[in-house]
Amino acid sequence: PIAAQHPLAPTAEDLAKALQGQYWKRTWPGAEQVNVHVVDQWPYPQNVNGYTICDKDKRLCDILIRRGANRDCIEKHERTHAAGVDHPDYGETFSCSQ
Numbered sequence: 009p010i011a012a013q014h015p016l017a018p019t020a021e022d023l024a025k026a027l028q029g030q031y032w033k034r035t036w037p038g039a040e041q042v043n044v045h046v047v048d049q050w051p052y053p054q055n056v057n058g059y060t061i062c063d064k065d066k067r068l069c070d071i072l073i074r075r076g077a078n079r080d081c082i083e084k085h086e087r088t089h090a091a092g093v094d095h096p097d098y099g100e101t102f103s104c105s106q
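Going by the numbering used here, the letters in the sequence shown line up with residues 9 to 106, in that order.
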């Protein structure tokens, strides 16, 4: 898929490893196209620095990253969502400050 060609997109090996734990769960096949937008105006809580919005029927995702956030770390996490996995039991627990 196109989405997997970006250097920050998770590889098949990354996804297999992630899915061995309790955090990530596959929820859909994943996007074929991913668009990334760095934004100044942020509608989400301040502890959230990235958000992925997907049209699963069109297999298209838009990733929003708050300007000033650790872009590579946030984008890698959000591209994992775009690859079709989520952390439904953990809510907003991811941090790039480590």
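Keep in mind that a hint or two might mislead.
[What the hints assert, rightly or not] Derived EDC-like pairs: lysine to aspartate or glutamate, alpha-carbon spacing no greater than 16 Å straight-line:
id, residue 1, residue 2
1, Lys84, Asp70
2, Lys33, Asp80
3, Lys33, Asp22
4, Lys25, Asp70
[As the list claims (entries may be wrong)] What follows is a set of in silico ranges between Cβ atoms, one per label pair, in the way DEER data are often shown:
id, residue 1, residue 2, range
5, Pro51, Glu21, 15 to 25 Å
6, Gln49, Gln28, 30 to 40 Å
7, Pro51, Lys25, 24 to 34 Å
8, Leu68, Val46, 12 to 22 Å
Rather than coming from a laboratory, the hints here were simulated on the basis of the structure.
Please read all numbers here as calculations on a predicted model, not as lab measurements.
Ideal Cβ placement from N, Cα and C applies to all residues, glycine included.
Here is what the structure says about each hint:
Of the pairs offered as hints, the one joining Lys84 and Asp70 holds, with about 13 Å between alpha carbons and a cut-off of 16 Å not exceeded. About 22 Å separates the Cα atoms of Lys33 and Asp80, which puts this hinted pair outside 16 Å; it is violated. Taken as a hint, the Lys33 and Asp22 pair is honoured in the structure, with Cα atoms around 13 Å apart against an allowance of 16 Å. The hinted pair formed by Lys25 and Asp70 fails the criterion: a straight-line CA distance of about 24 Å is larger than 16 Å.
At about 34 Å, the CB distance of Pro51 to Glu21 disagrees with the hint of 15 to 25 Å. Between Gln49 and Gln28 the C-beta distance comes to about 38 Å, which sits within the given range of 30 to 40 Å. The hinted window of 24 to 34 Å between Pro51 and Lys25 holds, with their beta carbons roughly 32 Å apart. Hint check: Leu68 to Val46, Cβ distance near 18 Å, so the stated range 12 to 22 Å holds.
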